[in-house]
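Peer 1: Sequence:
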Amino acid sequence: MAKPMLLPFMYGSILIPGFFHIFLLQNSPYERYVIHILALFTLAVLGRFLKQNVHFTIWCLLLMAASAWLSYTYGGLASLMALSPVFIYSSMPSRFVQVNLFALHFGTVYFAMNSEPLSWRIGILLFLVFMTAILVYFQYVTTQKDVIQQVYDDLRRRHYELNEANRRLLLFSKQVEEAAQAEERTRISRELHDDLGHRLIRAKMMMEAALQVIPGDPDKGMSLLVQIRDQLSTGMDGLRATVRRLKPPSEVTGTQALRIMLEEIGRENGIRTALSVEGQPYPLYPSLEIILYKNARESLTNALKHGRPDVVEIKLSYNENEICMAVSNNGTLPLLHENLNNVTGLGMAGMSERCQVAGGSLEVELEPYFTVTTRLPVSRQGEVL
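First residue of the sequence shown: 1, per full-length UniProt numbering; consecutive thereafter.
Just to be clear, a hint being listed does not mean it is correct.
[Unchecked claim] With a cut-off of at most 27 angstroms between alpha-carbon atoms, the simulated DSS-like pairs for lysine-lysine come out as follows:
1. Lys204 - Lys305
2. Lys315 - Lys305
3. Lys220 - Lys204
4. Lys51 - Lys145
To be clear, the hints were calculated from the coordinates, so they are not data collected in a lab.
Note that the coordinates shown come from a computational prediction; the quantities given were computed from them, not determined experimentally.
Modelling step: build the complete structure from the supplied sequences, incorporating the hints.
Peer 2: What follows is the structure, encoded as structure tokens:
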């Protein structure tokens, strides 16, 4: 139907010419003319209550016939009332219906004004064509505006969803870091208990023995004190190493942190270390860097503790959709070859849990060397945020 903003123009195209044509009436009774005008206006108003397109088409045809009959009956300015249906079909969504109703309207107006002067008839028809073109263009602009508004609303909705996804990603990253920190604290507590705790207990027992031995055998007592000193010195070295493993140096991250860790391990243990990188490095989220660093540290600690290797190597592979870190050593292989993926005594469970939290996986290989591979899916920061 006619757009709400066009309804006043349609009503005006009926009432204004109808009012001024009263002064041109000569033979027709005023009462009948006014009744006809009011009937046409009532028909125009009733269209506001229609809800289906087919009803709008029928309403337009009725208004077209009634206005053409008034134009044919009274002529003069009343002919302008025959233009009122243009405000209806010019706003219809179907271009096919618009074209057909315009052609029918044009022919109806032409024949309704058959008794009018040619110049007046041509002027009315040209004005009809002009009005139709203006109204169709107005409908096109309005439709495009509605489309743009819909696209804008869709973009705004997607922007909100993207912000929500970004918020969830940041929350997930924080959860990964907290899980990694909790697992690391558990590992450190176990290491302190298994290594430093046992050394302190041994030193305490040796001190008690020294207290008993020194009065009767000073030389043996001094030997026990020397052993106690060595035990405490070794325990202090282990404690310092544990503290250094709590987190990578704050000023370095990524490949540089792994390189520094390998250099320290090589210096402290007298073994050869190597770090190789495949692919083009790209920035990683801090949570992924923490997982890689913790898994590398855990793998190297297990290798030194259980395998006693001569060479350890870390290989980083930057792929399009994932980053892989393979930590290998040439030390002694674990005993449980047949069920290696279920070995938890070597810290595999903690490393595997870290990977699973980030959607990755942990793989273990025996040939050619004992290798622990960490695979993590990656999303470029510029693509997600």
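Peer 1: Would you mind confirming whether the straight-line C-alpha gap from Lys220 to Lys204 stays at or under 27 angstroms?
Peer 2: holds (16 angstroms)
Peer 1: Checking one constraint from the list: CA of Lys315 to CA of Lys305, max 27 angstroms. Satisfied?
Peer 2: Given that 27 angstroms is the threshold and the Cα spacing comes to 21 angstroms, the pair holds.
Peer 1: Are the Cα atoms of Lys51 and Lys145 separated by 27 angstroms or less?
Peer 2: holds (23 angstroms)
Peer 1: Taking 27 angstroms as the top limit, are the C-alpha atoms of Lys204 and Lys305 close enough?
Peer 2: Roughly 24 angstroms separates the two Cα atoms, so the pair holds.
Of the hints listed earlier, there is not a single one the structure fails to meet.
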